[in-house]
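J.: One-letter residues, chain by chain:
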Amino acid sequence: MKIRKDRLVFNILGVVVILLITLFCVLPFLLILTGSITSQGSILRDGYRFIPKEISFQAYQIIFESPDMLLKAYGVTIMVTVIGTLTGLFFTAMTAYVLNSKDFKYRNHFSFYFYFTTIFGGGLVPWYIMMVKYLKMKDTYMALIFPLLMNVIYILIKRNFMKSIPDAIFESAKLDGAGDFTIFLRLVLPLSKPSLATIGLFIALNYWNDWYNAMLFVDKQSMFPLQYFLYQILSKLDFINQTASRSGVPVPQMPSEPMKLAMTVVATGPIVLLYPFVQKYFVKGITVGAVKG
Amino acid sequence: MKKKNGILYELNKNKVKFLMIMPAVLYFFIMCYVPMTGIVLAFKNYTYTGGIFKSPWVGFNNFKFFFNSGKAFLVTKNTILYNIAFLIINNFLQITVAIILSELAGKCFKKISQSLMFLPYFISWVVVGAFIYNLFNYEFGAVNTLLNSMGMEPIDVYSNPSAWKYILVAVSAWKWVGYGSVLYLAAILGIDSEIYEAADIDGANIFKKIWHITLPSLKATVIILLLLSLGNIMKGDFQMFYQVVGNNGLVLDATDVIDTYVVRSLMDLQEFGMTAAAGLYQSVLSLFIILGANKLIKIIDNDYALF
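As they're listed, the protein sequences go chains A and S.
Per our numbering, the first sequence starts with residue 553, numbered consecutively.
Per our numbering, the second sequence starts with residue 43, numbered consecutively.
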């Protein structure tokens, strides 16, 4: 078949546009990567560039020689992400199950009770005082877990997912004498594995990338999650110097510039390597979420 | 005897369901509804010992302070203008990408480019902050390296407030292009393929098909999504503004939005009362805008109304 002229024009234009946008999306990542393996001297002399003039892995060496602070931050993030995601997912699914059951008369009232919190709020200050003064969460791991535990949008998306489970399944289970909680645990959870993965990954990503709650509530350095730890490294020089003194490199010879970038690479690496495998779940969540909540 | 439709009857019949929904009800009660009562703080002079309820009343003084500081108008204007710029540019880009991807044939190319465009969505704002530093740092940022090598003057964005408008818009586009195009791509794939086949038979070229079929079919989706985002027009994306711009006093006039202003006043100045007033001002204005947007959505398509 002969390709028509308008097709040809469109395809060329289209590929060019997509390539440009893709490049625009990826470029910063490449810059960080090449910057992190450039020697400090070269950066100070020639600036950051796409192809490093002097390659040096010293930054990574120093980071991996005394990785204890980094490992600690990784540990905090992993713990918070695992606990928060599992707990949050369980409650999200359970709430969605109730909101989806047709014989629950007040489900619309409850839906509105949840939904209203997304359109009106008391603002940051009362919430902050609540967390610090009344719930006593300053400098606790709970302060990192609790604020991201449940999200109204995810509850509503999960409910939309559940609509695809035929009602007959619930009814026959009821006839067999199963209670609501048993139905939820034994039937609904196993049947909705793909959507649980989707919502779980959204929640997990929020935990993994969180630094805001750490900034508000955590002052203790040993409790910093990964992203907030990275933020400290990037914004405060003494963090780099601390690492220097631990690794025995004299401060003036510290490759502070490539180290910032190397830290960024080490903190971001897992997500960049992992996301191609979980991307399809996010696509599904976005598509279902676009349907009326 | 209990009435068949009374609340007690329902409570008894669906005991387990009430128990199952209770954790979520309590959670949002503690995290959202109780803090709502803290709105009174906007009318009080907060003291730590007095807490929310025993601190002394000061009437509208906090609001007066906020509006007289000269900041209220500035941050409101910034928040709204930035959000409008984000809305227009992001949606334009996302729709363009979605249309091109839906029409291109190469499966592998489409998949890889879509994946790479989605990457920024997964990255925390802290890392985005590192990117900005890496690109725009005055002494050795990549942009200035490039300008130098072309024999041009380096730019110092940190003393150049107007540069941030473009940087922030570009960052927002960068972060959301993959995410948003997924949404529009789904909408395009939902269009009945028979319409396209009929157009093919009539000899319509591809540009005509996009102009006369794809774009009109997307109209409803676009309008609804725009109206939905209108509800957030008073909310600045704190994480983005804070990490991209940093706590940089020189460019605050061009980059300060309500949310950054509120967090800064709270964390740096401990101005509880005035900050609470600013937060309440934002919440109430938002609520009215959402109610208005919802009315409009109802007129266009009742199915998409929020409530």
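Rather than coming from a laboratory, the hints here were simulated on the basis of the structure.
Any given hint might turn out to be false.
Claimed, not checked - Part of the chain A face toward chain S, derived, beta carbon under 10 Å:
1) 562
2) 571
3) 583
4) 596
5) 666
6) 669
7) 686
8) 687
9) 688
10) 733
11) 746
12) 773
13) 775
14) 787
15) 809
16) 831
To be verified - Label pairs and their calculated CB-CB ranges:
17) S/68 x A/684: 39 to 45 Å
18) S/342 x A/728: 53 to 59 Å
19) S/204 x A/691: 21 to 27 Å
20) S/329 x A/691: 45 to 51 Å
21) A/774 x S/268: 42 to 48 Å
Bear in mind that the values here come from a model prediction, so they are computed numbers and not experimental data.
Glycine included, every Cβ here is placed at the ideal spot set by N, Cα and C.
J.: Would you mind marking each hint as holding or not holding in the structure?
T.: Structure-based check of all given hints:
no.	hint	in the structure
1	562	holds (5 Å)
2	571	holds (7 Å)
3	583	holds (5 Å)
4	596	holds (6 Å)
5	666	holds (6 Å)
6	669	holds (4 Å)
7	686	holds (8 Å)
8	687	holds (8 Å)
9	688	violated (13 Å)
10	733	holds (6 Å)
11	746	violated (16 Å)
12	773	violated (16 Å)
13	775	violated (17 Å)
14	787	holds (7 Å)
15	809	holds (7 Å)
16	831	holds (6 Å)
17	S/68 x A/684: 39 to 45 Å	violated (20 Å)
18	S/342 x A/728: 53 to 59 Å	violated (46 Å)
19	S/204 x A/691: 21 to 27 Å	violated (41 Å)
20	S/329 x A/691: 45 to 51 Å	violated (34 Å)
21	A/774 x S/268: 42 to 48 Å	holds (46 Å)
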